[in-house]
Amino acid sequence: MEYEVVIGLEVHSELATKSKIYCTCTTAFGGEPNTHCCPICIGMPGVLPVLNKQVVEFAAKAGIATNCTISRFSKQDRKNYFYPDLPKAYQTSQFDLPLCIGGHLDIQFEDGTTKRIGITRIHIEEDAGKLMHDKWGTGSLVDYNRCGVPLIEIVSEPDMRSAEEVKLYLEQLKSILEYTEVSDCRMEEGSLRADVNLSIRPFGQEKLGTRTEMKNLNSFKSIMRAIEHETERQIALLAAGDEVVQETRRWDDDKGFSFSMRSKEEAHDYRYFPEPDLAPIEIDEVWLKQIKESLPELREQRLKRYVEAFGIPEYDASIITSSKHLADVFEEAVAQKCSPKAASNWIMGEILRYLNDNSIALNDISISGTDLADLIFLVENSKISMNIAKRVLKMMFESGESPAAIVKREGLEIVDNADEILSIVKRAIQNNPQSVADYKAGKDKAMGFLVGQVMKESKGKANPAMVNKAIKEELDKL
Amino acid sequence: MDLFQYTAHELRDKMRKKEFSAMELTKSHFDRIAAVDDRIKAYLKICEDEAMSTAQTVQTAIDAGTPQPDLAGIPFALKDNMCTKGIETTCASKMLENFIPPYDATVVEKLKQNSTIMLGKVNMDEFAMGGSTEHSHFQKTTNPWDISRVPGGSSGGAAASVAAGEAVFSLGSDTGGSIRQPAMFCGVVGMKPTYGAVSRYGLIAFASSLDQIGPMTKDVTDCALVMNAICGYDKMDSTSVNTQYPDYTKYLVNDIKGMKIGVPKEFIHSEGLKPDIRASVLTALEEMKKLGATVEEFDFPINEYAIPAYYIIACAEASSNLARYDGIKYGYKANQFEDLLDLYKQTRSEGFGPEVQRRIMLGTYALSSGYYDAYYKKALQVRSIIHSQYMDAFSKYDLIAGPVSPSGAFKFGEKTENPLEMYLVDMFTVAVNIAGLPGVSVPCGFDANGMPNGIQLIGKPFDEGTILRAGFTYEQNHEWHKMRAKL
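Sequences listed follow chains V and G, in order.
What the first sequence shows, in our numbering, is residues 1030 to 1507, in sequence order.
What the second sequence shows, in our numbering, is residues 446 to 932, in sequence order.
Hints were generated in silico from the structure; no laboratory data involved.
Treat the hints with caution; some may be incorrect.
[Unchecked claim] Distance windows between CB atoms, simulated:
#1 Q1319/V / H714/G: 52 to 58 Å
#2 E1294/V / A893/G: 54 to 60 Å
#3 M1161/V / P512/G: 53 to 59 Å
#4 P1062/V / V698/G: 58 to 64 Å
#5 D787/G / K1321/V: 51 to 57 Å
#6 R461/G / G1168/V: 56 to 62 Å
#7 M806/G / E1061/V: 37 to 43 Å
Note that beta-carbon positions come from the ideal geometry of N, C-alpha and C, so glycine has one too.
Sequences and hints are given; from them, build the entire structure.
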């Protein structure tokens, strides 16, 4: 029998606010264990939460960008369960009145066709701490630094039908969160995490099959692998006449399989109830307008602008905007008044090549747009040759210095002193009589060889036009 | 008269006349504690060194001629569920026996700003759950009027310390009557302010939507002085209300002519109300009439559901608020356990007393999937009806009056066997917390056993002024507030 896979996602994303959701502690990643904490985020007796308004604004921005309705009235609820990384033994979250409801985003396939994926809701909540399993003793230690870092949970409808659709959805979502500056989406730091709800059903059947929920997915790759694995597992079960059990499963990326964490019967009863320490969240017309107005340009808008205003090929614009960080580098370069086309060409050519060769992600480009613009100006103003510029770019990546500083330190500025060039040219002619003879015999190629010799001796710095001119004049004199 | 017998406003006036120093006043209270607390057992922790050094600082300021707040140099006792930086805050629980908060509760900061002197931390029912202070893990506080009887609860230590002259005033907390009932039992004035008037930051939560800190004092004037010191918006408490708080002493006016007082029939004709308490409250109401107020009974039928709704809401919130005591971070941790789950079980079974465990179980049950609608949601519906019936009454009356508790102070052990009976001591007080209203208990005589009785005055939200005025007028026309327990 042919089966169809049905997937819905719950994506958790850490918000990029400076301080935590209910206290003023920093949200910075890392730090010595238990140094980004205070009595409030470690849940000491008697402390009370105060909602960080920016969390509401960030979450609302994510909602607006995913076409959700922003609830004018929402509330926070306590989700009660015991675990050492949860110091209050409840997570403050949102249950029946989330901040954003009923949105969607459109994913685009390679052939240009699109599909709409529904977004059920987006709600705000606090992150938990981290358990560190002590390698030397028998106990575990807790680091509460992450406790109270604001999260949004984005719950999709079960609208995805393949791992590919999930990938496109996640890429699209990640891009939206980055462009709205709501989250930095660093999966390796856990600031974007996904749980996968998956079921299968025979093609054509309307009724949904029994689903499983898969947790602990923290890279695109592991999500793809987990989906493929879980689809096969469920198909095999049904094929063997067994049933899929509704349960929560944990994906082990090292072993490449998932195992059952808890069944439906063992599911937690979270005993949700309204958080009495916090007032309901009310967003009035004025505040909502402010939030809307503060929304930055999203990817589609930028892509369109690059094509229309800058005349950049759509393909190039789509690569550049695929990472907000890269697009920001590009914008910064253009803001320095360098030619958008030159900036785009550099990015599409040398920069992407360098990133590729060194396995660096687009988001991790370390050079600034200003430096890129300065490099382009050096070439345009004939201060360095194109070839030298490529070497300078590499050094910019390696040392982080500005192109001007590198050119100065390395003495790479172009030589356009006619006397200096002439003396090198004369030496080259003297040292290569055979080439001179070939040239005189009508072999134009010999000219190129002589130019190469001159460039070599000048370490690539001689002004190529002047070199060409000088060689021709000298040879013609002979 | 010994210094420990005076009220705060009397002491203020005498100190301003330089009749004695803040050190002498403080010392007189420690002497009093040394003399009587082995019988009263109000204090869990005495902070003599800190108090004497604060008194010295305050006196230096007084001597320098700096203008002082009303409560400058006045010694007080703090219920042990309010956090004090560097000083044990136990909630009278084994769970927090050695807990030393690294922060002060907002009310503690405010009292410090008012140059008051904290004598120590006083006893209570464990986590403020109880009506007799018998549920303290550490000791049983006695009633200064008869030490074979309870002081009421949960703020029993706070009430007894004031009644016994071991503190000029104290702060208690009131979730369902925990200030007003012990105030009545011990013959002092106890006020639960409007929900949101006093910051809860640093008050160890029992039931967040009901808890409120308030003063316990020797008379109504002192109550107004302490209210002035502790009320106010606090950005650390999201449920704190940002409004204009008046100078409560402005309401200390001996005049209630034309004031309209409503009395809930369900309070005054309640079957559970002891005849001697009823008679004493009715006499007080008669006298208020003579002073020019109108008194009228009204129907308050929802009160029948107040106790059940209260115990569902309070226990539900408590089950969540007390979940953090898990043996992982601070407080008691079981010595023997098999695994994580067992650590939780052993720690919480050994660290919490039976009443706290009972309420955690009640609350956990009420919030459980499948029962939420039948219990918690229903209780919230009752809550909103209680609120609207009170508001309807306030469209006709300036204040509502009635008894505080159905009986006067009872003997130790009388109600500990039957938790339900203990819960009923709150039958006239819980609805006030549920509706978030201010309420005060003012001494109004004695019961058949010679134990103090009080009249409860309930006001509109943020209208503490009216009930202070009514209480003050009643008080000024009687001598109850001048009577002291003999020890």
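Here is what the structure says about each hint:
1. Q1319/V / H714/G: 52 to 58 Å: Check passed, 56 Å falls within 52 to 58 Å.
2. E1294/V / A893/G: 54 to 60 Å: About 58 Å separates the Cβ atoms of E1294/V and A893/G, which means 54 to 60 Å holds.
3. M1161/V / P512/G: 53 to 59 Å: holds, 55 Å
4. P1062/V / V698/G: 58 to 64 Å: holds, 59 Å
5. D787/G / K1321/V: 51 to 57 Å: holds, 52 Å
6. R461/G / G1168/V: 56 to 62 Å: 60 Å Cβ-Cβ, so the 56 to 62 Å window holds.
7. M806/G / E1061/V: 37 to 43 Å: holds, 40 Å
When held up to the earlier numbered hints, the structure conflicts with none and fits them all.
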